[in-house]
Amino acid sequence: METIQKKAEEGITSELALVQAAKKGDLEAFSELVRRYDRNVFRIAQHITHNEEDAQDVVQDAFLKAYQNLEQFQGNSKFYTWLVRIAVNEALMRLRKRRNDRTVSLDEDVETEDGSIPREVADWAPNPEQLYGTSELGDILKKTIQGLSPGFRTVFVLRDVEGLSTEETAEMLGLSVPAVKSRLLRARLQLRERLAKYFKSKKGGDGQQ
Amino acid sequence: MKCTEFLKELTDYLDGRITESLRAELDEHLHWCHECHVVMNTTKKTIEIYRDNELYELPDDLRNRLHQAIMTKCRNSRGGKKSST
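Respectively, the protein sequence lines represent chains A and B. If you read the first sequence in our numbering, its first letter stands for residue 1, the second for the next number, and so on. If you read the second sequence in our numbering, its first letter stands for residue 1, the second for the next number, and so on.
Among the hints, erroneous ones may be present.
[Stated by the list, open to error] Cut-off 25 Å, straight-line C-alpha distance, at most; resulting in silico cross-link-like pairs (BS3-like, lysine-lysine): (1) K73/B / K197/A; (2) K65/A / K73/B; (3) K23/A / K78/A; (4) K143/A / K44/B; (5) K73/B / K23/A; (6) K142/A / K73/B; (7) K142/A / K44/B; (8) K24/A / K73/B.
Honestly, the hints are just simulated from the structure, not real lab data.
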C-alpha cells in the first residue's frame, strides 16, 4: 500500500493500478482517483443540472456509488468512462426530481429540428469573446447552453468541453455512435444559432429575418 | 453539393474525421457558398469558446469539503459493502 501511495504522490500510478488497489480496500488509492476526476465530474454535473447544490450531491453520490460497486467494474473500459456514466445518470435523476418530471432523459427532443437548421448566417465579430467582460461572457455561455435539451447539452459537454471521443461518449451514455454524432451536430448548431445574437458582427447589418 | 449535404458532414469536417476526397468536396462547396462558410466558422468558434472558457470551476475549499465527505461516506460504507457481498 505504501508503494501505491508513494507512486500516487508522484502522479505516475496508472488508473488501473489505483482501481485494483481500491478494490482490495485501499482507501488512499480511491482517494487519489477522486482527486483525479472530481473537477470533471463536478463540471459535467453542473452542466446537466444547472444547480450547484445538485452538482455537489452528484459528485458525492457518483464517487460513493463507484466505490460501492467497484467489484462490478470489469476493466474493459476506462474507470473514468464508467464513473462518468454513473455521474450522468445521477445528474439526470436530480434534474428529474427538481423538475418533478419523469420524462427528462437523453432521448428528449431528439426528433425536433428546432434551431438545427441555420437561419442566422450573419458573420460574427472577429474576436467575439472580447465584446464582453469575463463574468458577462460566462453568464451568456451558461444561459445559452442551459437552453438546450439535457440530451443535447450532455453530448456537447462530454465531446466538446471535456474533449472525449465520440466512441467514449457513446459508451458513457449508452447511445450508438451515429446517435452521438447526430446529437452533437444539432447541439453545436443550436448553440451557434443562439450565440449569434450576442456575437454578430455589427457592420454586416443585423442579419435578422 | 447542396448546403444540406454540407451540413450533414459538418461535425466530421470540424473534427477532421473525413476522407481526403470528401474534404476536397466540402472545401469546394465552402469556396463558393458564403453562408456555409459562415456557419462552419461560427460553429467552430462556438466550440472553441466553450472549450476555452471554464464555466464551472470547483473552488479549492469546496473541493476539499467534498473530498472529505466522499471519503467519510466510503469509509462508513466499507463494512456494509463487505458483509453484503
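Query raised in the report: If you draw a straight line from the CA of K142/A to the CA of K44/B, is it 25 Å or shorter?
Result: OK: K142/A and K44/B at ~18 Å, within 25 Å.
Query raised in the report: Between K65/A and K73/B, is the straight-line Cα distance small enough, at 25 Å or below?
Result: Distance ~10 Å between K65/A and K73/B Cα, so the pair holds.
Requested in this report: Please work out if K73/B and K197/A have their alpha carbons no farther apart than 25 Å.
Outcome: Not satisfied, since the Cα-Cα distance of roughly 46 Å exceeds 25 Å.
Report task. Below or equal to 25 Å on CA atoms is what counts here, so check K143/A against K44/B. Result -> 19 Å, holds
Requested in this report: Please work out if K142/A and K73/B have their alpha carbons no farther apart than 25 Å.
Outcome: 31 Å, violated
**Report entry** Given pair status - K73/B, K24/A, alpha carbons within 25 Å
**Finding:** Within the cut-off at roughly 17 Å; holds.
Query - Straight-line alpha-carbon gap K23/A to K78/A, limit 25 Å - result: 15 Å, holds
Query raised in the report: Do the alpha carbons of K73/B and K23/A lie within 25 Å of each other, as the hint requires?
Result: Holds - the C-alpha atoms of K23/A and K73/B are around 16 Å apart, at most 25 Å.
Of the numbered hints listed earlier, those contradicted by the structure are 1, 6.
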